[in-house]
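Trainee: Each chain is listed here by its residues.
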Amino acid sequence: SQTIHQWPATLVQPVGSPLSLECTVEGTSNPNLYWYRQAAGRGLQLLFYSVGIGQISSEVPQNLSASRPQDRQFILSSKKLLLSDSGFYLCAWSQESNQPQHFGDGTRLSIL
Amino acid sequence: GNSVTQMEGPVTLSEEAFLTINCTYTATGYPSLFWYVQYPGEGLQLLLKATKADDKGSNKGFEATYRKETTSFHLEKGSVQVSDSAVYFCALKNNNNDMRFGAGTRLTVKP
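Chains A and B supply the protein sequences, listed in that same order.
Residue numbering for the first sequence follows the numbering used here, starting at 1 and increasing by one per position.
Residue numbering for the second sequence follows the numbering used here, starting at 113 and increasing by one per position.
Hints should not be assumed to be uniformly reliable.
[Claimed, not checked] One side of the interface only, derived from the structure: several residues of chain B facing chain A at Cβ under 10 Å:
1) Q157
2) R212
3) K222
[To be verified] Far from chain A, some chain B residues (derived; all Cβ distances over 12 Å):
4) L125
5) F130
6) S144
7) T183
8) D210
9) T217
[To be verified] Ranges between beta-carbon positions, derived for each pair:
10) B:D166 <-> A:T10: 26 to 34 Å
11) B:G173 <-> A:E26: 29 to 37 Å
12) B:A129 <-> A:Q95: 47 to 55 Å
If you're looking for bench data, these hints aren't it; they were derived computationally from the structure.
Beta carbons: idealized from backbone N, C-alpha and C, even for Gly.
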């Protein structure tokens, strides 16, 4: 069966520090991969999605970037974090067509 | 473009009450429709889905019917429990992998 892993579960970082959140999927090949941000009490905002290795689409201009160095690995990064980057970050995967997305457990990021 | 509009929360119910969370959508073509549930501090879990008109998705006592004529996918449960307290998201996905989520509805069930 397929599984998705996200880490770390929680992270506290100072303003201006770098960021690297990692997401890996097991049990499937060539998945579509997604990064979302969920601000406190709010809905989901799609940040990036990827349909293949090295292919990244950005949905909103921001301080963050994403990379997909391997088929089942998706990384969310920042060179310098801002206070506004605080939130709950969710990674998800799906196969093509009308199949649903499956989510990781999320990373709660607090910027001080 | 594609979009999902769901009932604003929060919704507070007593245990064993009937639940309805409204969801309507706008989409081109024939999207698949989903309900996700998010328990406190966790990621989203797929609750149920429907892939074509008149399909009924069901899971854990929850149901939703894909109504193309009213572009709706309302979530219902006949008797809620305290453990159902969570945030519920309605979502749609088209063939082009474009997935859209509603803003979420927070449900609190009191004993």
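Trainee: Compute the least Cβ-Cβ separation between L125 (chain B) and chain A, then decide whether it is above 12 Å.
Mentor: 19 Å, holds
Trainee: Does T217 (chain B) sit more than 12 Å from chain A, CB to CB?
Mentor: Its Cβ does come within 12 Å of chain A, the nearest being 10 Å, so this is violated.
Trainee: Once the closest CB in chain A is found, is it more than 12 Å from S144 (chain B)?
Mentor: 4 Å, violated
Trainee: CB of A129 (chain B) to CB of Q95 (chain A), is that within 47 to 55 Å?
Mentor: 37 Å, violated
Trainee: Are G173 (chain B) and E26 (chain A) spaced within 29 to 37 Å by their CB atoms?
Mentor: 31 Å, holds
Trainee: Would the stated hint for K222 (chain B) survive a check requiring a Cβ distance to chain A of less than 10 Å?
Mentor: 20 Å, violated
Trainee: Does D210 (chain B) clear chain A by more than 12 Å, comparing its Cβ with all Cβ atoms of that chain?
Mentor: 10 Å, violated
Trainee: Does the hinted range 26 to 34 Å hold for D166 (chain B) and T10 (chain A) at CB?
Mentor: For D166 (chain B) and T10 (chain A) the Cβ distance comes to about 43 Å; the hint is violated.
Trainee: Are R212 (chain B) and chain A close enough, Cβ to Cβ, to be under 10 Å, as the hint says?
Mentor: Nearest chain A Cβ about 9 Å off; hint holds.
Trainee: The hint names Q157 (chain B) as touching chain A; please verify it with the least Cβ-Cβ distance against 10 Å.
Mentor: 7 Å, holds
Trainee: Would the least Cβ to Cβ distance between F130 (chain B) and chain A come out above 12 Å?
Mentor: Holds, because the least Cβ-Cβ distance between F130 (chain B) and chain A comes to about 25 Å, which exceeds 12 Å.
Trainee: Can we confirm that no CB of chain A comes within 12 Å of the CB of T183 (chain B)?
Mentor: 17 Å, holds
Violated hints for the displayed structure, listed by number in ascending order: 3, 6, 8, 9, 10, 12.
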